[in-house]
Amino acid sequence: MTGLLAKAGLQMVLLLLVAPLLSGIIKTLKARLQTRRGPGILQSYRDIFKLFHKGMVIPDTASWIFSTTPYIVFVTAALVGLMIPMTTTDAPLSLFGGVLAVVYLLALGRFFLALGGLDAGSSFGGLGSSREMTISAIAEPAMMLAIFTVALAASSTNLSEMAKVAVSQSWKFLAPSQMLAFAALFIVLIAETGRIPVDNPATHLELTMIHEAMILEYSGPYLALIEWGASIKQLVLMTLLVNTFFPFGLSSDWTARGLGLGLIFYLTKIFLLAGLVILVETTNAKLRLFRVPELLMVSFIFGALALISTFLF
Amino acid sequence: MNTFPVGTIFALSLTAYLGGALACLASWQKPALCRYICCGSALAGAVFGGLAAVLGILQGTPFLWSISSGIPLFTYSFEYDALAGFFNLTLAILAGAVSLYSFSYLREFEGKRNIGFFGFLFHLLLLSLTVVFTAANAFLFLIGWEVMALVAYGLVAFYHEDRETRRAGLLYIVMAHIDAGCLLLGFALLMQVSGSADFASFRTAAAQLSNGQQAAAFIFFFLGFGIKAGIIPFHIWLPAAHPVAPSNISALLSGIVLKAGIYGMARIFLGGLGVLPSWAGLLVLIVGVASAVLGVLYALMEHDLKRLLAYHSIENIGIILIGLGAALVFRAAGHPQLAAVALIAAMFHTLNHAIFKCLLFLGAGSVLHSTGTRNMEEMGGLIRPMPVTAFCFLIGAVAISGLPPLNGFVSEWLTYQSLLAGYGATGGLTRILFPLAGSMLALTGALAAACFVKAFAITFLALPRSVESRHVHEAPRSMLVGMGWLTAACLALGLGVTWFLPVFDTLTEQLLGQRVGTNLISGHGLVLSAGLPHGGTVSTAVIGIGLVILLIPAVLLVSIRARRFARKRGPTWDCGLPGLSEENEFTATAFSKPLRMIFSALYQPRREIQAVFDVSPYFPKEIRFESEIEPTFEKRLYVPLKDLLLWFSIRMRAIQAGSIHAYLAYIFVTLVLLLLFGVRP
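Which chain is which? The protein sequence lines are A and Z, in order. The first sequence lines up with residues 8 to 320 when you count with this note's numbering. The second sequence lines up with residues 169 to 849 when you count with this note's numbering.
Hints may contain errors.
Said to hold, decoys possible - No more than 30 Å apart at the CA atoms, straight line, and that leaves these computed lysine-lysine pairs for DSBU-like: (1) A:Lys61 to A:Lys34; (2) A:Lys34 to A:Lys57; (3) Z:Lys789 to A:Lys57; (4) Z:Lys803 to Z:Lys761; (5) A:Lys293 to Z:Lys761; (6) A:Lys171 to A:Lys293; (7) Z:Lys736 to Z:Lys810; (8) A:Lys61 to Z:Lys736; (9) Z:Lys789 to Z:Lys761.
What the hints assert, rightly or not - Reference listing, derived: stretches of chain A covered by chain Z, where coverage requires no fewer than 3 residues with Cβ under 8 Å from a Cβ of chain Z: (10) 36–47; (11) 251–263; (12) 282–295.
If you are wondering where the hints come from, they were derived from the structure by calculation, not from laboratory data. All C-beta atoms in this analysis are idealised placements derived from N, C-alpha and C, irrespective of residue type, glycine included.
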């Protein structure tokens, strides 16, 4: 029990610290690629710190749903972070929730975020909520198909089991089914974390906003919680991707040496994936909202092909 | 304890329902007294029924009553086994909640409507459901079934002065009779083979069924029970009939009357027909997937709160059928253990859907009671005047969207796990169907979440959109107690699922010869596993505790900051234009617009905009907007069918000439044909 709490505590610290760093790195590198200077990789920490030191304005029309939402978004993302293997295959809470619980807990956060968006009573919030729920609904089947492909290969939906199986056959990622599933999940990752070409995290133009429109009315510590939660969610999804498909360097226990080595490998993998995301963001224009389903359909087809190729090979 | 007479308590419950029905009729002239009798006796019946079910499940020994009726083939035989106990438990939970709720709800009927007649029908509905769930004789079952259909018609058409209600009632009763006809044919086939109308004899005679007979019987029963359960494409009566009934009855219709179809399928497909071939299971699975996806897609387009909920019943029946279909396939493939897990998923979702759908309909009933409208576009901001109703509705919405840590998540999780297991357990290309069904289930879940964001937010959040919803009041206390009871059940079944699962042991042992409920629990009774060696595990209890533990530092962090810095109320950002009003709010129609565009092939949306302007079309004075989606099944399937039927009827008129000679000739020809048929060796 104390061991479990210690592991959970350690992973939580890692999660809370790395998530803003990742956002900062993505922002800075993206700026560099676009020949801008960028805000510096520590900017996300400064943003969160600053927001916690501000007062907040709550809309007149808002109810307790508006004030509960930031907590739920933050807490679900953080809890999910304890269920996925980060530096070791043995995630602290993996026994208590596998990949399905991860997907559905994130959906719980999204459910409340969408309610919070509608609670303020302006059209922006509703617009964002409507688009967010639509896109996530269309992304869901592709995501599940890809996850099923991996889960079937490991014959488990438990993420630690999946990571262990992946580690034991570490060149398996060259199998066609794995590559297709990775492609499907990568598209889903872009949609779920609100990146170009699906959503633009840097815009406040109502024609293109999705996530930003929902949180338009939040300020101060509430906004800090939501932003922090969103960055944790992004980290969690990217971790899920790198550790199930490229399990190199995952330590099998919680020894200091294993953890240290695991951490170095983990950060390298995450930043490489972040590089890929940035490359996609910089080389693509944002899609029209009604072209997004076509992109997600591609992802669904990748997922289905991945599944069929498990069957064939 | 062991000798506690389940039969006696069960009889008390039947007596309470029957006595209540008669007492209601007798006291119809005194509305207040009648209301007390109506709710009191139904509550007593529910308490006895629930007690009998709990004791029956705990003791695990079925009892059989059989009273001869003197008519061949027909006996008054009741069998209270694990399946009957489970459905009676579900019925009792809902009947208790609805009785409590009705106590205040029926007050508005006083002086306007006949509470005595309402109570009579209400009790008969509960009685007939109990009979359906326990009958061990085909004729008794059919009598219960038919009484249920007729009584439900009376309740659906209770507000009969409204034309829409009468039409819905008519549609309902027509469909109910088609399904009763299918069942009659199915039972006739089984009776022909077994020579008796007892369910027990069907089970023993199942081995003698030829493949053709088995297939024919399966089709008849699937049609019969499927129409009652509202599967697509036989669902059209459901979104018409459920919303127009009084809300407490809508809750029962969607909560438990639909489940009579599921009960019948479980009883017959896993008992009376022997081991069905795997195509039958796959058919159930595919129909389940179609019902789930189409049900939720149609629900998304509704802005009538009760119709929206009715469409979600179709979706959830689909999810239940996915589990049931998987169970049938696994049974045919020789994996009884997996079949048992899939059956538990289906049965647990049956119970869960009954509870949260009943809760949501009761919540919608409270809203309707306060605002007088079912149209969501006229609501808004109800969370302030109706906090308790809003909270209960929110819990129901989270549960029906399948989100952790509530009960809907657990049964969907079990369904996913059995679908994943199906991939390994079946051979050939059919195995691809299971993960595909899983991905469609994921789509259904995500769309359901979108739909309930819409339903909850448009109804309860932001500003009121009409005068009616500006001056509302919280529902009376008894209605809140009824909803609170179901809310507690959602929470308890979600967080405490590992304590509840052993209930299914006797049920799966009876139907499949496997006791797996206890195998699914590990990790000090906190963790639910899929029963496979490495399979998935989940623990809603730990998720719940984890969420609370993580919440504490987050709240502390914010509240310490918030004490030092200002936290003020201000107007929502209005783009610099003065004052946002309710007209600037998002509407339900707007919320579902992206999905209407994406799935336009299905909806065939049509819209019409008329703008009135003086100078330029960019400065309209008045805009009229109209949008509707095509009711595909009605237009493409039922209207041609109806036209064909009418055409045939008109042709048939030719032989109804009205001439006595012609009729005498018909009788003579019929007699000759019958004689030939009869003396044929």
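>> Going through the numbered hints above, which ones does this structure break? Give me the numbers in ascending order.
In response: 3, 6, 7, 10, 11, 12
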